[in-house]
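If you're matching them up, the sequences are chains A and B in order.
Going left to right, the first sequence walks through residues 1 to 459 as this note's numbering numbers them.
Going left to right, the second sequence walks through residues 1001 to 1459 as this note's numbering numbers them.
So, partial list: chain A residues that the calculated Cβ filter (under 8 Å) puts toward chain B:
#1 Gln114
#2 Thr184
#3 Asp200
Simulated coverage check for chain B against chain A, where a stretch passes if three residues somewhere in it have a Cβ under 8 Å from a Cβ of chain A:
#4 1159–1173
#5 1287–1293
#6 1334–1346
#7 1411–1417
#8 1428–1442
For each label pair, taking beta carbons as the anchor points, the in silico distance ranges come out as:
#9 B/Arg1251 / A/Thr303: 36 to 46 Å
#10 B/Ala1228 / A/Pro330: 40 to 50 Å
#11 A/Asp430 / B/Pro1393: 50 to 60 Å
#12 B/Thr1313 / A/Asp182: 52 to 62 Å
#13 B/Gly1135 / A/Asp25: 56 to 66 Å
#14 A/Arg441 / B/Ala1237: 58 to 68 Å
#15 A/Arg442 / B/Pro1434: 18 to 28 Å
#16 A/Thr303 / B/Glu1108: 30 to 40 Å
I should point out that these hints are in silico values taken from the structure, not numbers from a laboratory.
All figures in this text were calculated on a predicted structure; none of them were measured in a lab.
All C-beta atoms, glycine included, are put in the ideal place defined by N, C-alpha and C.
There are 2 protein chains.
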Amino acid sequence: MTVTDTTTTAPARLLGLLARDLPPDRLATDPRTLAAHATDRSGTHPEGLPLAVVHARRTEDVTVTLRHAHALRVPVVPRGAGTGLSGGATAGEGSLVLDLSGMNRVLELSPEDQLAVVEPGVITAELDRAAAAHGLRYAPDPASAALSTIGGNIATNAGGLRCAKYGVTRDSVLGLEAVLADGTVVATGRRTVKGVTGYDLTGLLTGSEGTLAVITSATLRLRPLPAATATLAAYFATFEAAAQASHAIARAGVVPALAELLDGPVLAAVDPALREHGAALLIVQCDGAGAAAEAQAVADVLTPLATSVRTTTDPAEAEALLSARREALPALERLGRPLIEDIAVPRSRLAEAAREIRAISARHRTPVFTIAHAADGNLHPIIVVDPALDRLPDAAWETAGEIFALALRLGGTLTGEHGVGVLKRQWVADELGPAAHALQRRLKQAFDPHGILNPGKAL
Amino acid sequence: MTVTDTTTTAPARLLGLLARDLPPDRLATDPRTLAAHATDRSGTHPEGLPLAVVHARRTEDVTVTLRHAHALRVPVVPRGAGTGLSGGATAGEGSLVLDLSGMNRVLELSPEDQLAVVEPGVITAELDRAAAAHGLRYAPDPASAALSTIGGNIATNAGGLRCAKYGVTRDSVLGLEAVLADGTVVATGRRTVKGVTGYDLTGLLTGSEGTLAVITSATLRLRPLPAATATLAAYFATFEAAAQASHAIARAGVVPALAELLDGPVLAAVDPALREHGAALLIVQCDGAGAAAEAQAVADVLTPLATSVRTTTDPAEAEALLSARREALPALERLGRPLIEDIAVPRSRLAEAAREIRAISARHRTPVFTIAHAADGNLHPIIVVDPALDRLPDAAWETAGEIFALALRLGGTLTGEHGVGVLKRQWVADELGPAAHALQRRLKQAFDPHGILNPGKAL
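So here's chain A without its partners, still in its complex pose (with noise of 0.2 Å):
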């Protein structure tokens, strides 16, 4: 048989091991299964379709799958839900697809110590749902939680709307299990929630979009549910004058839970009643202890900037006010295909950043739609294309690259938290400087010397 090793193709032979060695149910091969594994919500579509997808259940499939594919040198992709916007789970021909969906077990729940470990295709809404019956949450709620994934919040230090008070992924990452390309399990980080013996693996693995290792369990901080909430919405005349205003929150002293910006044409495209209240909304949210004297501090700063101010403690009406912000991408993708940029500026930059998208997506005819995390700086200018067409337009390319220029210029950020997937790699290095570049892919050959681990992704 070593004449038949030598002859065969590296991936092949792969395919081979990997169905003498893994459980007879992981390995999977029919078209229909590798074209739903070769892309995500950016609707990316690489050349070709992917070798295989190893469906994992456990470690020792990742352990098994990894170690095969670098000792023939195959890339691999690995993937939780698809719900990435950057194409950072694209999955192009000659690569093997990781799906680590099935590692979906909450395997501790620890109301005492305040954490969770759980494995990496655990949905972020479940754990956040399984530890509010012991009166804790999961903070980082990406706007995805819903179908996202544990891990590929990790992979991509996923956002979302209560980062100002709460921060992103990373700060509820206590500690993590994970995969070397060469199979190797390594543990780093702890269970408790200080510790500094060690660099911080689990900081540099986090926002690391898979080129590192593969994440095979997470032990994440829970944190108590709120004493309290009170939720206000207010119009304003201008989207720049709302940005000012949610700027003005944050020189009052306070920090709000969250403070979402929706701009008039999303209002427009959310209801075009909306639109008739002003030309952008501002949901804020205290929440705590002090939440109703904050929110009364917050009314106070609002009033005189806004067209109109609304405020509630009661749920059901919050989540009426909220429904807006909800309801805004399903809207947007009514009118086509969404591509959501996610830059992020100083917060002081906030209204001239809106600013300057406006004039930016006059001079190239294409239209923008923004949201915007207010208080944490972070934008989301939207371009929604028509998805009858099999490639982007010149104008939306243009559009993007120089919202990514913008962001850098305001001393900012391409990516406040969706990561850098495809879309966005040939921006990375005008944002880190060549050192700094240089510097990341000598790290990535330390974890990665064959550069197995999804490949042309984040660097």
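Based on the hints, put chain B in the right spot on chain A.
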């Protein structure tokens, strides 16, 4: 001169090159300066004296120093105020000390973006004071804040009293400028609170104890000063009862700004009169708009468990309640040389850890004084040794070793906030495990291929 170049020793050549390339006031080789820069507050004394001290005043001094040291393979020990407790800044024979305490300018303080850009030698409390003038604060507050530098705080990922609510140093570092071993300057992170482009080099450098790069400036997050503060002090019949009470606060869903626990021996050292109130003192502070309501909730939890509970919103009275905590270390220093450990355990194991520490102390007939940041499970078991002794008594080492083993057995860590330095190196592999330890060494290699940066520390 080529003959001289190949026959002179590397240290002598380095001193010649530094004398040539650095401004005249930067290089010191007099024995008094060398002795003053050979050790830190750990009390560890390395063999011999360092070669020289470079008093850096600007980034270029650091790049020049590292470029030559790298080429000549001379070890470099970066240093701030020398307040480290683990020996991370100790510098023995043959090493060059790179003193950053003179790079002490606040380069920018932006109330608009709630951030500061500072050089590494800025004293932590001075930054906090500068921020307070704008209604802001720098949240991390290591007990050494009045003496220690931001650079040293970042090097050890320093903790402090407010971590349970506001996080550790890493949670306030947005970006860094750092010089790599070969003299290359890299910028990491950004001025925004969110951002996921590239790997998290900011987090990786934070806590790396000067072994990966030398930090030359830091962009730090500032936060609004809290609207209100309420302070409680409660005495308990036993330390375990106080630890359980602190855990009951967490279970009640309150996240206090600080929760400091002092055991009976510490109280007796501060003032024998305090010891008459109980065998342990728990000081809790709540802050923010909900401070009074939270303090009431805390009082409700503590009252049935404590022997006495006292609450105040008056700043002077709060200061009086906190003074026992502030006076603890000076009081122990009057008894001898305190060896301050800083294990952390999952919060539910705090009482168990305290009980076990007492048993270890009894077994080795070595008194252990314990202070804890109770809300994050971070304990400071302190062994006081006779300052006249040349070396630590075996019983002290054995006591420390058993305390570290205990921390790991309870699912905790050797060091919650002080760093590994030289003192805890022999236990690092036990905590990290062989695979993560090997990976960390590969990362070190990717940053510092000749191993010149703070060799023999941290890993």
